[in-house]
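Engineer: Residue numbers (the numbering used here), protein chains in the order written: chain A, 1 to 161; chain B, 1001 to 1292.
The hints are all genuine.
Calculated pairs, DSS-like style, for lysine-lysine (alpha carbon to alpha carbon, straight line, at most 30 Å): (1) A:K148 <-> B:K1164; (2) A:K58 <-> A:K118; (3) A:K60 <-> B:K1282; (4) B:K1267 <-> A:K60; (5) A:K60 <-> B:K1081; (6) A:K22 <-> B:K1267; (7) B:K1282 <-> A:K22; (8) B:K1255 <-> A:K58; (9) A:K110 <-> B:K1164; (10) A:K148 <-> A:K39; (11) B:K1282 <-> A:K58.
These are computed hints drawn from the structure, not numbers from a lab.
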Amino acid sequence: MKTIMVGIGGIAVSNKPGEILKTMGLGSCVGILAVSVQKKVVGMAHIALSDSNMSLEKAKSLPGYFADTGVPMLLNEMKKLGINGHGDMIIKLAGGANVMDPCDLFCIGKRNVLSIRKYLWQNRLAPRTEDVGGSFCRTVWVEVDTGKVFLSSPGRGEWEI
Amino acid sequence: MKSIVEEVKENIRDMKPVSANTTRIINLVSTTDYKIGDLLKLIEMDVSLSTQCLRILNSAAYSLRTPIMSIDRAVSYLGRKVILDLVIQLGFNEIYSVPLEGYKGEQEALWEHSLRTAIASRLLVQSSSHKETADVAYTAGLLHDIGKIIISHFLAKQPSDTLKMFDVGGEIDFTTMESQMLETNHAEVGYMMAVHWKLPDLLQMVIRYHHEPSKAPTEFKRICFAVHLGDILAMMGGYGTGCDTLAYRVDPEFKMYFNSEMSNLEKLLIDIDTEFREVLHKTLLAQENTDV
Chain A
1 MKTIMVGIGG IAVSNKPGEI LKTMGLGSCV GILAVSVQKK VVGMAHIALS DSNMSLEKAK
61 SLPGYFADTG VPMLLNEMKK LGINGHGDMI IKLAGGANVM DPCDLFCIGK RNVLSIRKYL
121 WQNRLAPRTE DVGGSFCRTV WVEVDTGKVF LSSPGRGEWE I
Chain B
1001 MKSIVEEVKE NIRDMKPVSA NTTRIINLVS TTDYKIGDLL KLIEMDVSLS TQCLRILNSA
1061 AYSLRTPIMS IDRAVSYLGR KVILDLVIQL GFNEIYSVPL EGYKGEQEAL WEHSLRTAIA
1121 SRLLVQSSSH KETADVAYTA GLLHDIGKII ISHFLAKQPS DTLKMFDVGG EIDFTTMESQ
1181 MLETNHAEVG YMMAVHWKLP DLLQMVIRYH HEPSKAPTEF KRICFAVHLG DILAMMGGYG
1241 TGCDTLAYRV DPEFKMYFNS EMSNLEKLLI DIDTEFREVL HKTLLAQENT DV
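Okay, chain A solo, but in the shape it has when bound (with noise of 0.2 Å):
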């Protein structure tokens, strides 16, 4: 087994045999998960924040910063691997946590999954399984071979989505 390991910001694809793509420490980032089961290609992108309008030259040396620059991105990488959006693959979303805010002024964690969930459904996807919100961070990863998608967090254990 391989290990590709994303970082913030990255966009990941892949559809050689025994790889898994894996993020870690996803605080209020996002990470999505593309999935094709029948014919084995994973996808992953480690989304930090909603508009890449913020910081224009952050989105173009790391497009999977932003949501509206990586979910394009994301799909347009499937697509090279032979995955065209609708009825080809599953989405998946982990992570978007927040800090314990009465006043829900850090709720970036939310912005972000709800952007996210935006700029798929302008490309006719939805995600099929969310791991979203609360307050702890998540390391996530996706296996070629099975598809399946993993998610851990310290003191929590392991668990499949």
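Dock chain B against the given chain A, drawing on the hints supplied.
Structural biologist: Showing chain B alone in chain A's frame:
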């Protein structure tokens, strides 16, 4: 039978003392108007620190054409932030070099979280009208979580389903859980350590009140709020210390001190991430040919 607080006090007494020179440097940089010449003198007195400064500066991270061998040039080249990182990493090696077992934290988690908190706290202060305390906020950010090193031992002895049992992140925050379970928490223990090592009053207060800055004495509130928010921003970026990441409450009184600075939260998060990546990149390059 000894109480946990008594055991904590014993643990603090048993820890390797922080060197007198480290304490002197921290005291110096915790003032807002220190002279670089005074910092130079203290670094030159510390063989281990001055050697590490020169080794890092002459590593691949800085790509110098000719090696620099004098401390004054090294300090002006590396800048005060890198020097502070070194002072604290070397001076508190016992704290930052071990994983926080009780928090289920990775080896480097506490250092990386502290560094990101320091960067965030400094950027926040720098964007306010109190820029003169930006370096102080950085030092405080580096040290705010030192109490976790001791609390970690006691958390490690608790049942594995503790988080679920207390509904941490739902009903209660992590500091409250620590207090209910252990009769103390990492902020209080960190404060006891800071008092024991005679760190400046300001750092003692930041360490003690970084989760409840509205309870801090008035003269320290602003800096306590800076580190409180810096800590939260670090965790939001995915850099926490383990199972406690994000399970803390925002103190709503922050609006009295940093309301306009927090209005562009996304931009602040990008700046923090950019600077943090640069620092980590240089550290990795420096580690290729030094043993820091």
